[in-house]
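J.: Here is what each chain is made of, one letter per residue.
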Amino acid sequence: MIRAEIQSKRFGAKQVLGPIALEVARGEVLAIEGPSGVGKSTLLRILAGLDDDFDGRVEATGRMSMVFQEPRLMPWRNVGDNIRLTTRASAAAIGQMLTRVGLAGHENTYPRALSLGQARRVALARAFVVPPDILILDEPFTSLDPDRVADLLMLTRELIDSHRPATIFVTHSRHEARQLADRRAELTGQPARLVCKSGDMPQMQTA
Amino acid sequence: MAFLTSVTGKARPAPGRATQSAPAARRGLTALVSILMLLGSWAVLAYLLNDPTRAPSPAQILPILVSETLSGALPYQLGITLGRVAISFALAMLIGAALGLAMGTRARLNAWADPWLVVALNIPALVTIVLSYLWLGLGETAAIVAVVANKVPLVTVLVREGAKVIDPDLDEMAAAYRMSRGDRLRHLILPQLAPSLAGAARSGLALIWKIVLVVEFLGRGSGMGFKIHLYFQMFDIPRVIAYALAFIIVMLAIEWLVMQPLERAARRWRAP
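Protein sequences, first through last, are from chains W and G.
Just so it is clear: in the first sequence, position 91 is 91 by this note's numbering, and no numbers are missing.
Just so it is clear: in the second sequence, position 223 is 223 by this note's numbering, and no numbers are missing.
Think of the hints as simulated: they come from the structure by calculation, not from any bench.
As the structure is a prediction and not an experimental result, all values here were calculated from the model.
C-beta: ideal position from N, C-alpha, C; glycine also.
You can take every hint at face value.
Reference excerpt, derived from the structure (chain G facing chain W, CB under 7 Å, subset only):
#, residue
1, D169
2, L170
3, A175
4, A176
5, Y177
6, H187
Cβ pair distances, simulated, as ranges:
#, chain 1, residue 1, chain 2, residue 2, range
7, W, N108, G, P63, 47 to 57 Å
8, G, E161, W, A91, 35 to 45 Å
9, G, E161, W, G189, 41 to 51 Å
10, W, A91, G, G139, 48 to 58 Å
11, W, S115, G, I123, 49 to 59 Å
12, G, L185, W, P191, 28 to 38 Å
Use the sequences and the hints to build the structure in full.
T.: The structure is reproduced here in structure tokens:
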């Protein structure tokens, strides 16, 4: 489960995020939509524990995995090592997960020999090879053609259904959000706030 | 539940070895012919000058090399000098890499330390050597310190430039997956620094062995530099050339057999 109560996030004098409260339980998928530059990635970095320079609190229990906009694979390591070194998963688990994402036998392939779609599948395999309690997806389907997006959406849905992590999914696409999420919210305004689009959102607790 | 097992997208083939070996063989052959041409030019020049005491030919140096090797004098002195080169090289790489990484990843430290680095880069090697001997005495420590002090700034600069292009996205990925500091250094940072480290090692070795000879020439009682100094005082040009040539051959062998393959390995993952 992940719970956040963010009062504000600033870059210098500019306040990027306003008061934001969210809570995602195990097995739930919350989609956060919003235009470019509104602060979606900033919010995700805070939720992932990559940025602690903000006013507020984030509680995250359990193992967290993250899938980024770009696959972010180490080009000097093969696929198997990319997964093993970041997750400490066993060779057997890596082999099973690669089979599951459609890349059976690609353990020794280097990232430069993969297409973008394959690299994104490796990123998904890395996120799920050790079952996560919390999953953060930062626009993981960008720059792919519609057919590939549909395939990856289906695969991601299946993996989420299997492992049931608390999932926060940031996207530009309303269609992707509807496909994957149980609840949808939009990050909007300056400073940005989270507006509920479907389902309930928690209220900010006052101290 | 049905899972997707088909692979979408097409894999591009990795570059094959066969396509790389032919140019490598051609490069090796070119280097060999080039060296033979150099030896030939030397022999022609020696023949034209016709002064074996001042300008000995390769044919006159070869017997000296053989006799000094068989007597054990040359391997002994060579071993001592190589030992000094190895220690100085290891220390300079270690200190320079640590400083370069720190300066390349911390803008404020770089701003403060950069003027010091510029000063260090511009101190003549001879000044460092003389001051080391004056401050620390004519001992082994002073010799090593002098060589290391000459090399560290260059390694620092090269590693700093390499550290500036470390991919922040990969660093963020490692943080998101809670990779330990040790794992991040070993698996993320060092591979990205490898080309800079390999470049620093190659240029460093070329610089260090020359400085070691000067250090030995000025203040040590052993090593190739000492022997060159000895034969310099005796005006024995053939032996000066023989000792210098022996060391050049060994350093070129290290360069071709160790340093260049290491550098190629360090850059391999960047190949298209």
